[in-house]
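Trainee: Each chain, letter by letter, is given below.
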Amino acid sequence: MGWSSKAGEKARVRVVIVGCPNVGKSVLFGRLTGRYVSVSNYPGTTVEVTRGIGRWAGRTFEVTDTPGLYSLSCITDEERAARALIMGGGSDVLLQVADAKNLDRMLPLTLQLSEAGLPVVLIVNMLDEARRAGLAVDLAGLGDRLGVPVIGAVLTRGEGVEEIKELLAAVGDTGTIQPLVPRYDRQVEAAIRAVEARITGNYGLRPRAMAVLALQEDPEVLDILRARELNWPLVSDLVVRMNQGSEPVRQRIPLVVHRLARRVVTRCLRQVGRPALTPGQVAGDLLLRPMFGLPVLVAVIYFGLYRFVGGFGAGTLVDVLDRTLFLSRLNPWLDRVVDGLFTGEAWRELLAHDYGLLTLGLRYAVAIVLPIVGTFFVAFAVLEDSGYLPRLALLTDRLLKPLGLSGRALIPLTLGLGCGTMATLVTRTLETRRERLLATFLLALGVPCSAQLGVVMGVLSARPHALAVWASAVVVALLAGGTLAAHLLPGRAAPFFMEVPPLRLPSLGNIWRKTTARMVWYFREVLPVFLAASVVIWLGRLTGVFPTVLSGLAGVCRWLGLPKETSLVFLFGFLRRDYGAAGLHDLAPGLPAQAVVVAAVTLTLFVPCLAQTVLMFKERGPVTALAIMGVVFPTAVAVGYVLSRVLSLVGGAAW
Amino acid sequence: MVEGRMRTGTPPGTRSLARMKPGEKGEVISLEAPDHAGYRRLFALGLVPGATVTLLQRFPTYVFTAGRTTIAVDAGMAEGIWVAVRPSRNRSPQSRA
Numbered sequence: 000m001g002w003s004s005k006a007g008e009k010a011r012v013r014v015v016i017v018g019c020p021n022v023g024k025s026v027l028f029g030r031l032t033g034r035y036v037s038v039s040n041y042p043g044t045t046v047e048v049t050r051g052i053g054r055w056a057g058r059t060f061e062v063t064d065t066p067g068l069y070s071l072s073c074i075t076d077e078e079r080a081a082r083a084l085i086m087g088g089g090s091d092v093l094l095q096v097a098d099a100k101n102l103d104r105m106l107p108l109t110l111q112l113s114e115a116g117l118p119v120v121l122i123v124n125m126l127d128e129a130r131r132a133g134l135a136v137d138l139a140g141l142g143d144r145l146g147v148p149v150i151g152a153v154l155t156r157g158e159g160v161e162e163i164k165e166l167l168a169a170v171g172d173t174g175t176i177q178p179l180v181p182r183y184d185r186q187v188e189a190a191i192r193a194v195e196a197r198i199t200g201n202y203g204l205r206p207r208a209m210a211v212l213a214l215q216e217d218p219e220v221l222d223i224l225r226a227r228e229l230n231w232p233l234v235s236d237l238v239v240r241m242n243q244g245s246e247p248v249r250q251r252i253p254l255v256v257h258r259l260a261r262r263v264v265t266r267c268l269r270q271v272g273r274p275a276l277t278p279g280q281v282a283g284d285l286l287l288r289p290m291f292g293l294p295v296l297v298a299v300i301y302f303g304l305y306r307f308v309g310g311f312g313a314g315t316l317v318d319v320l321d322r323t324l325f326l327s328r329l330n331p332w333l334d335r336v337v338d339g340l341f342t343g344e345a346w347r348e349l350l351a352h353d354y355g356l357l358t359l360g361l362r363y364a365v366a367i368v369l370p371i372v373g374t375f376f377v378a379f380a381v382l383e384d385s386g387y388l389p390r391l392a393l394l395t396d397r398l399l400k401p402l403g404l405s406g407r408a409l410i411p412l413t414l415g416l417g418c419g420t421m422a423t424l425v426t427r428t429l430e431t432r433r434e435r436l437l438a439t440f441l442l443a444l445g446v447p448c449s450a451q452l453g454v455v456m457g458v459l460s461a462r463p464h465a466l467a468v469w470a471s472a473v474v475v476a477l478l479a480g481g482t483l484a485a486h487l488l489p490g491r492a493a494p495f496f497m498e499v500p501p502l503r504l505p506s507l508g509n510i511w512r513k514t515t516a517r518m519v520w521y522f523r524e525v526l527p528v529f530l531a532a533s534v535v536i537w538l539g540r541l542t543g544v545f546p547t548v549l550s551g552l553a554g555v556c557r558w559l560g561l562p563k564e565t566s567l568v569f570l571f572g573f574l575r576r577d578y579g580a581a582g583l584h585d586l587a588p589g590l591p592a593q594a595v596v597v598a599a600v601t602l603t604l605f606v607p608c609l610a611q612t613v614l615m616f617k618e619r620g621p622v623t624a625l626a627i628m629g630v631v632f633p634t635a636v637a638v639g640y641v642l643s644r645v646l647s648l649v650g651g652a653a654w
Numbered sequence: 000m001v002e003g004r005m006r007t008g009t010p011p012g013t014r015s016l017a018r019m020k021p022g023e024k025g026e027v028i029s030l031e032a033p034d035h036a037g038y039r040r041l042f043a044l045g046l047v048p049g050a051t052v053t054l055l056q057r058f059p060t061y062v063f064t065a066g067r068t069t070i071a072v073d074a075g076m077a078e079g080i081w082v083a084v085r086p087s088r089n090r091s092p093q094s095r096a
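Residue numbers (numbering that gives the first Met the number 0), protein chains in the order written: chain L, 0 to 654; chain W, 0 to 96.
Hints may contain errors.
Stated by the list, open to error - Here are the simulated SDA-like pairs of lysine to any residue, each with C-alpha atoms no more than 20 Å apart in a straight line:
1) L:Lys-400 - W:Pro-11
2) W:Lys-24 - L:Lys-563
3) L:Lys-400 - W:Val-84
4) L:Lys-400 - L:Glu-524
5) L:Lys-400 - L:Leu-478
6) L:Lys-617 - L:Glu-524
7) L:Lys-164 - L:Pro-289
8) W:Lys-20 - L:Arg-288
9) L:Lys-400 - L:Leu-296
10) L:Lys-563 - L:Val-548
11) L:Lys-400 - W:Gly-75
12) W:Lys-24 - W:Asp-34
13) L:Lys-400 - W:Phe-58
14) L:Lys-400 - L:Arg-433
15) L:Lys-400 - L:Glu-430
16) W:Lys-20 - W:Val-84
17) L:Lys-617 - L:Arg-427
18) L:Lys-400 - W:Thr-68
19) W:Lys-20 - W:Thr-68
20) W:Lys-20 - L:Pro-289
21) L:Lys-563 - L:His-584
22) L:Lys-400 - W:Lys-24
23) W:Lys-24 - W:Thr-68
In short, the hints are calculated from the structure, not lab data. These figures come from a predicted structure and were not determined experimentally.
Whenever a hint applies, use it, and build me the whole structure from the sequences.
Mentor: Below you can see the structure in the form of structure tokens.
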């Protein structure tokens with residue numbers, strides 16, 4: 000197909016960046032557009048595709064960054080999103096970013112894109128790392144053999160960017176090139192031709208590429224053909240027939256593509272020197288071993304997440320913003336302004352005062368969650384860009400397996416100790432739907448957030464064994480609940496396999512860009528959640544639902560051996576965490592230690608707060624969210640009840 | 000469904016990655032994955048028949064290199080990666096686990 004672009008001189012050039020994860024796609028996007036438009040490379044969330052505008056050489060370029068794509072035969076949601084974007088057409092040029100050291104793994108995608116008739120440019124990135132590994136890349140030879148333009152780059156330092164821009168500016172002027180495409184054995188080629196001949200529709204890829212994907216039993220491609228092609232039964236028969244026996248075509252095709260890629264690479268990539276052992280490599284290897292890796296892991300979690308996000312973000316920054324800015328200045332002023340503007344009590348309550356949209360909803364999003372989220376995004380970007388995340392995952396995978404989770408789940412779970420709402424959002428970084436569900440469940444059940452921890456510590460720290468009882472009850476409930484859920488939930492734990500990238504020094508610029516982009520994204524996602532929570536509270540008060548709920552909760556409290564005032568703590572703890580905290584604080588001195596422990600355990604296991612609940616509905620859907628709450632609520636009460644019985648049997652003597 | 004099968008005429012010294020020692024090296028003979036998706040992903044990571052692998056460690060997960068790529072897999076996946084292990088008399092394996 001070559002470069003026959005429909006874009007005239009004045010028209011926008013549509014550029015799509017593709018490639019494996021960890022090759023520098025987001026860096027190239029940043030270099031071409033100058034600024035981030037929305038989130039990039041957020042695992043699980045890049046499904047929201049990033050677009051930006053770049054202008055140079057008198058032309059306008061619409062650049063799209065896509066999620067990581069290993070191969071046109073997709074496995075994950077991200078890959079499917081990326082492929083859908085490619086198949087959707089509408090791109091004048093595809094920039095495939097590749098890691099120079101691992102060209103043999105990158106070229107199969109290049110070959111597939113060429114096979115699909117797409118105009119691809121290969122960016123051989125990380126030439127500096129390749130040089131350190133003693134490798135020399137023959138870029139011109141690579142371009143000749145592949146029949147596509149090839150540009151060498153060190154994108155983090157901006158090397159190669161000018162050349163890429165020049166090439167993009169000349170899109171449409173280049174002559175026709177004949178790209179290298181895979182040729183299969185006679186039997187497979189015959190099957191491809193047979194399928195190809197029966198494809199009549201236009202699906203954004205050449206019929207030959209559609210046929211190749213169909214023969215590899217690609218579920219989505221088969222669905223498309225089933226729905227749109229009259230000759231589907233013939234295609235289906237052939238696909239089934241070709242995939243029988245000991246060497247199914249779905250294994251033969253990728254093997255041919257990889258062999259061709261490797262043949263190109265052996266000619267164009269040479270080992271010219273001894274690989275230099277960099278400090279990053281040494282450190283990266285050490286971190287894989289439990290003896291070094293585990294202490295570092297504990298330190299990373301403690302300083303990076305607990306102290307930086309939990310202490311500095313959730314403590315210092317929240318104090319400054321919430322107390323100094325909102326509670327003592329902004330809120331009183333907003334109350335006065337709203338009271339001056341509206342006469343009706345309902346309007347005043349909706350906008351301001353204790354539960355208003357501005358004084359509660361906006362304040363929560365800006366003063367309480369934003370600092371936590373902001374510091375987390377900084378910490379997470381550092382972990383992500385340094386290549387530490389996969390190391391963390393492989394060290395903790397075994398520990399989390401019994402809970403049906405992979406090592407990656409350690410991040411949202413640890414984060415839950417800061418803010419459960421935020422952690423629920425971060426479960427998006429988990430790979431399977433099952434794992435996201437299990438992590439959301441554990442966060443809802445028993446991971447205490449900083450607010451809950453604050454209350455519990457404040458109330459129980461004077462009574463060390465009460466604190467010990469609380470901690471063991473919560474841990475046992477979490478482990479038991481998690482193990483049970485993992486067993487009961489259909490499906491099985493996804494097999495764990497992961498690429499371990501080299502340890503790299505993260506660039507400050509990229510961390511800044513990622514963090515700011517994610518903050519913008521956070522505001523769009525979470526602010527509405529907090530505003531919705533305010534409205535729910537307002538409605539609850541307006542319609543008089545709350546007294547009913549309170550009397551119901553009072554019954555539960557009696558059953559747990561708690562005074563009926565504790566029901567207020569439960570309700571307000573759910574609606575407004577500072578109220579719940581203060582409530583328990585006020586009640587605690589008048590209560591026996593046993594009641595305080597029971598209240599603390601039940602409160603911890605209880606659905607954490609309204610914002611987290613709303614987010615659960617948003618992320619997991621109403622059915623799942625209701626199911627989780629349907630499990631969590633009775634569990635909290637049941638554990639509280641059992642605990643109060645046990646403590647009564649053991650007797651008050653122990654206290 | 001298990002994807003991939005052992006081929007006939009397997010060279011002597013073929014073991015699954017799960018039964019290799021740290022430091023041992025060999026060529027991938029065949030792959031079995033729990034499903035086709037896992038098989039394709041291993042493939043995409045460069046773990047194709049003929050690739051040279053070196054086991055780095057066994058605990059807490061199996062870590063090995065395939066070409067210039069480092070890959071971590073759990074025991075279940077490691078059992079399906081069949082490797083013709085090279086005899087390592089001249090080089091003492093650097094024990095890691």
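Trainee: Please go over all the hints and tell whether each is borne out by the structure.
Mentor: Each hint tested on the structure:
1. L:Lys-400 - W:Pro-11: Violated, because 34 Å separates the two Cα atoms, which is more than 20 Å.
2. W:Lys-24 - L:Lys-563: 68 Å, violated
3. L:Lys-400 - W:Val-84: Judged against 20 Å, a Cα distance of about 30 Å means the pair is violated.
4. L:Lys-400 - L:Glu-524: Given pair Lys-400 (chain L), Glu-524 (chain L) is violated - Cα atoms ~31 Å apart, limit 20 Å.
5. L:Lys-400 - L:Leu-478: With Cα atoms ~12 Å apart, Lys-400 (chain L) and Leu-478 (chain L) stay inside 20 Å; holds.
6. L:Lys-617 - L:Glu-524: Holds, at roughly 10 Å.
7. L:Lys-164 - L:Pro-289: Judged against 20 Å, a Cα distance of about 45 Å means the pair is violated.
8. W:Lys-20 - L:Arg-288: Within the cut-off at roughly 15 Å; holds.
9. L:Lys-400 - L:Leu-296: 18 Å, holds
10. L:Lys-563 - L:Val-548: Distance of about 13 Å is within 20 Å: holds.
11. L:Lys-400 - W:Gly-75: Status holds; Cα separation ~12 Å.
12. W:Lys-24 - W:Asp-34: Between Lys-24 (chain W) and Asp-34 (chain W) the Cα gap is close to 26 Å, so the pair fails against 20 Å, i.e. violated.
13. L:Lys-400 - W:Phe-58: Holds, at roughly 14 Å.
14. L:Lys-400 - L:Arg-433: 13 Å, holds
15. L:Lys-400 - L:Glu-430: 14 Å, holds
16. W:Lys-20 - W:Val-84: The hint holds at about 10 Å.
17. L:Lys-617 - L:Arg-427: 12 Å, holds
18. L:Lys-400 - W:Thr-68: 25 Å, violated
19. W:Lys-20 - W:Thr-68: 19 Å, holds
20. W:Lys-20 - L:Pro-289: 17 Å, holds
21. L:Lys-563 - L:His-584: 15 Å, holds
22. L:Lys-400 - W:Lys-24: 28 Å, violated
23. W:Lys-24 - W:Thr-68: 14 Å, holds
In this structure, the hints that do not hold are numbers 1, 2, 3, 4, 7, 12, 18 and 22, in rising order.
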